[in-house]
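Next come the chains, spelled out residue by residue.
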Amino acid sequence: MSPPLDDVSAPRAGAGNGAVGGIRFDLKLIADMVEPGSRVLDVGCGDGALLAYLARHKGVDGRGIELSMDGVHRCVTQGLPVIQGDAETDLKDYPAEAFDYVILSQTLQAMREPRTVLQSLTRIGRRAIVSVPNFGYWRIRLQLLLTGRMPVTEKLGYQWWETPNIHFCTIKDLVSLTEEMGLTIERCLIVNRAGRITGHAHSGFANLLGEQGVFLLRRT
Amino acid sequence: MPASNPAVALPADAASLPGYRVTLGVDRPMRLDSGAELGPFQVAYQTYGTLNADRSNAVLVCHALTGDHYVLDRHPVTGKPGWWEMLVGPGRPVDTDRYFVICSNVIGGCMGSTGPKEVDPATSQPYGLGFPVITIGDMVRAQKLLIEHLGIEKLFCVIGGSMGGMQVLQWAVAYPESVFAAVPIATAARHSAQNIAFHEVGRQAIMADPDWRGGNYLLEDTRPHRGLAVARMAAHITYLSEPALHRKFGRNLQNRQSVTYGFDADFQVESYLRHQGITFVERFDANSYLYITRAMDYFDLAADHGGGTLSNAFRVDGRGTPVRFCLASFTSDWLFPTPESRAIVHALNAVAANVSFVEIRTDKGHDAFLLDEPEFHQVIRGFLEGCAEHRGLTARRQPR
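Quick mapping for you: the protein sequence lines, in order, are chains P and C. First residue of the first sequence? That's -1 in my numbering, and the numbers climb one at a time after it. First residue of the second sequence? That's 41 in my numbering, and the numbers climb one at a time after it.
For the record, the hints were derived by calculation from the structure and aren't laboratory data. Be a bit skeptical, because a hint or two may be false.
Not everything, but these chain C residues come out facing chain P in the computed CB check (under 10 Å) [what the hints assert, rightly or not]:
| no. | residue |
| --- | --- |
| 1 | F365 |
| 2 | A390 |
| 3 | A392 |
| 4 | F397 |
| 5 | V398 |
The calculated label-pair distances, taken between Cβ atoms and stated as ranges, are [unchecked claim]:
| no. | chain 1 | residue 1 | chain 2 | residue 2 | range |
| --- | --- | --- | --- | --- | --- |
| 6 | C | V66 | P | A94 | 46 to 56 Å |
| 7 | C | G75 | P | R216 | 46 to 56 Å |
| 8 | C | P130 | P | Q141 | 53 to 63 Å |
All of these numbers come straight from a predicted model, not from anything done at the bench. Ideal Cβ positions, reconstructed from N, Cα and C, are used throughout, including at glycine.
Make the full structure from the sequences, and use the hints.
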């Protein structure tokens, strides 16, 4: 489900670059927000790297939804409980607070209705962990300013006509949407390839210097 | 058309078949969904592998409509290899070096379990249509008695495809405390109108055969072979897919250069279907075919166990079922298409159950679950290994 993000900090499985404790840097940030022994639903779980990590290192009872058949095969073949499905149609089935955490990693911008998805995540989970690429990142701003063309970066390496990322937002945009929806940001981590920038989502620096943000959300 | 051969007795004389046979429902007859009672009755079964000391490694395999309990054995009538050797066996995904595999012939069947061709102890004559109508629930009830007879409290896994998958679902819903993992493959939580329609065609073909004799053919020493063969031919088409038929046969002619302007089997596909029909009647009882297709038609898990809502069937004491599920469907299966499996997945999600679901890409149609489908087999292997870890089953006794 996660559109591949070509990022030095997000190498493909197997690559050593940027991987922390066997998983991608950005997934590790998410994993660190999860309490041991909790129930987790990973929406767009890809090849199951995060679920496997959470099961092994945090004793988590994890489930996954993944759109791509190949991803699902890889997950179930490792014994991970993952279903082939689409977040935008399948999340509605789950009962409220079925999980302690529902995770959506680097996928919100590819949803047809990000707001509805956010609503589902925070309904199904006591908490939602959402990570998004920041379209307000200075390199992206600069590229648009200087070239006048839609930005194509290492991390977001698609041309405008082929990108699955149809609903880009900045950190500021996401923060304002959570406010509008009455969601509480319990924690947030704004990071770039060099590491953590700030834990304050509202900071202007965050929106300029952060390449991505990881948010721990709950209904207020 | 296959020739009727009334002289041929049904070859599957229960007493001469290999495998085990147990009499159940002796003290108390089994109450059926129809309200009728059955008992004592016989269940024929096979086992493979060894039951471990704490009896926690038992896997129940449920067979499909025309299947039987010879999962790995050469078939006693046809001489063909076991029907699920691809999936079950030493080193296979359902590893008989690790698991104790049980498979029983369903009641209503014709390979040793009590069914319409067996003798009714009350009349000393074959049951024929005097056999009570049975359901998937009744089949599973009989299997539960067998499992208890074997001293197994909880099955590690129940697995099966098609009608076998219906039994798996029934097990998980009726006896959630007795099932650790459930693997319903290429199946549905209720039989669709289209599938009931196909079954009705098959039954009408059998009953239209004058040799059926109102179901009394065993007493009158005839066999409705023509009707049963036609039923099989029609059903067999539904097990395949248009692309698979095209790949296999296209419009190729059978041992001839041009069409004959007659009704001989000009096309290879006709010849193939006729062969399927003829060989089927050697091993299957026509009345069993009526009974078992009926059992599938009646299957409706939501109506029978969920008050009309499927997810309610998967609630146990107000909570989601503790059974771990793995569902698999096949892209080209139009008999039990993927949306049928997805409906089950959605119902399981609604109770936040532990469920895996994979759709396998193949052009082999419904029959794919019986065939060499490496991706499918990898999924089953991975799921079972994950479950074995959770169940505390140790790895295989010896690496091969």
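These are the hints, each one checked on the structure:
1. Because the beta carbon of F365 of chain C sits about 8 Å from the nearest beta carbon in chain P, less than 10 Å, this interface hint is met.
2. Checking A390 of chain C against chain P by beta carbon gives a least distance of about 5 Å; that is within 10 Å, so the hint holds.
3. Satisfaction of the interface hint for A392 of chain C is found here, the shortest Cβ-Cβ separation to chain P being roughly 4 Å, below the 10 Å cut-off.
4. With a least beta-carbon distance of about 4 Å to chain P, the hint placing F397 of chain C at the interface is held under the 10 Å criterion.
5. The beta carbon of V398 of chain C comes within 5 Å of a beta carbon in chain P, closer than 10 Å, and the hint placing it at the interface holds.
6. Between V66 of chain C and A94 of chain P the CB atoms are about 50 Å apart, so this pair conforms to the stated range of 46 to 56 Å.
7. Against the hinted window of 46 to 56 Å, the Cβ-Cβ separation of G75 of chain C and R216 of chain P comes to about 53 Å, which satisfies the hint.
8. At about 60 Å, the beta-carbon gap between P130 of chain C and Q141 of chain P stays in the expected band of 53 to 63 Å.
Taken one by one, the earlier hints all hold for this structure without exception.
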